[in-house]
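Novice: Residue numbers (this note's numbering), protein chains in the order written: chain V, 1 to 80; chain U, 81 to 305.
Simulated from the structure, these hints should not be mistaken for laboratory data.
Some hints could be false.
[To be verified] Taking lysine to aspartate or glutamate pairs in the EDC-like style, the calculated list, with each CA pair at most 20 Å apart, reads: (1) U:Lys231 with V:Asp59; (2) U:Lys185 with U:Asp229; (3) V:Lys50 with V:Asp12; (4) U:Lys208 with U:Asp134; (5) U:Lys144 with V:Asp12; (6) V:Lys10 with U:Glu102; (7) V:Lys64 with U:Glu102; (8) U:Lys204 with U:Asp134; (9) V:Lys40 with U:Asp122; (10) V:Lys63 with U:Asp272; (11) U:Lys185 with V:Glu60; (12) U:Lys231 with V:Glu48; (13) V:Lys34 with V:Glu45; (14) V:Lys63 with U:Glu239; (15) V:Lys64 with U:Asp122; (16) U:Lys183 with U:Glu150; (17) U:Lys183 with V:Glu45; (18) U:Lys82 with U:Asp134; (19) V:Lys64 with U:Asp134; (20) V:Lys63 with U:Asp122; (21) V:Lys11 with U:Asp134; (22) U:Lys274 with U:Asp248; (23) U:Lys185 with V:Asp12; (24) U:Lys183 with V:Glu60; (25) V:Lys64 with U:Glu239; (26) V:Lys63 with U:Asp134; (27) U:Lys144 with V:Asp59; (28) U:Lys144 with V:Glu48; (29) U:Lys183 with V:Asp59; (30) V:Lys10 with U:Glu178.
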Amino acid sequence: MKFSVTVTLKKDVLDPQGKVVLNTLINMGMNNLKNIRQGKHFEIEVDEKKQSEAEKKIDEMCKKLLVNLIIEDYTITKIS
Amino acid sequence: MKSSVIVFPGSNCDRDIGVALEKMQFKNQMVWHKETKLPKSDLIVIPGGFSYGDYLRSGAIAGKSLIIEEVVKAANSGCLILGICNGFQILTETGLLEGTLLKNKNLKFINKDVYVKVFNNNTKFTNKYKKHQILKINIAHNEGNYFTDTKHLDKLKNENLIAFRYCDEIGNIDDKSNPNGSLESIAGIFNDNKNILGMMPHPERMVDEIISNNDGVNLFSSLFN
């Protein structure tokens, strides 16, 4: 079973990288841009038959290593 | 006093701190991160550098290494722990210190001598400094922008757990003298028991007049008191 994990900075945490990317895109002439927040993406494959069990495992991985819960939020989505 | 310096792949200030500790009369040992036992130590230092190439987040991978379990045990039984730069980042990743270190506000790696003010001189690490003494000390980091939640920040202030704050040459603390955007210009903090100090500036680089200055000396000599 394969999952994707998206990690983003919490909305109150300043994201200077996102801001620089936003400004660069505006300088490149891309219009109608409102905001950009930069994050991280993981694709995780687990050897597990039950989806709920697999999600539980991935949630544990997020909490213990992949995500810094002080500044980051995450979402887990099943890919296949 | 006996000290141990933990060495990770990518540590690059380990020898500097080793030299500084020996100069300050510590009996020092270097400990590779794969060790599962720590030599008996009064002080454990987690040095600066780029452990594991800063993969995932600065300090994240080192924070889960084998030796860290022993460091956590030692810390909880009162051993003195000093985390410098990447060492500070690692300590926040282990949970021994609260908060985290974000990318510098200007997104640049900053390597320069800055000024910091001593905020609590009543600890094992800082008792040889005067309160509000200004030190000139080197910083060299990309992620030194200290951040924590309001509750913890209040606690840092109320319980006098802020060790150092960035300031200018005459001690003003403002946005201009804050090199990396740290909350409240925080440069170093203690844990509740004040046996753990995490700091972004490098005291080990300030123990010799010939190459820099002696402003870091008292941090090490304080530990003998």
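Novice: Which numbered hints does this structure break?
Specialist: Going through the list in order, the structure violates hints 1, 3, 4, 5, 6, 7, 8, 9, 10, 11, 12, 13, 14, 15, 16, 17, 18, 20, 21, 22, 24, 25, 28 and 29 and respects the others.
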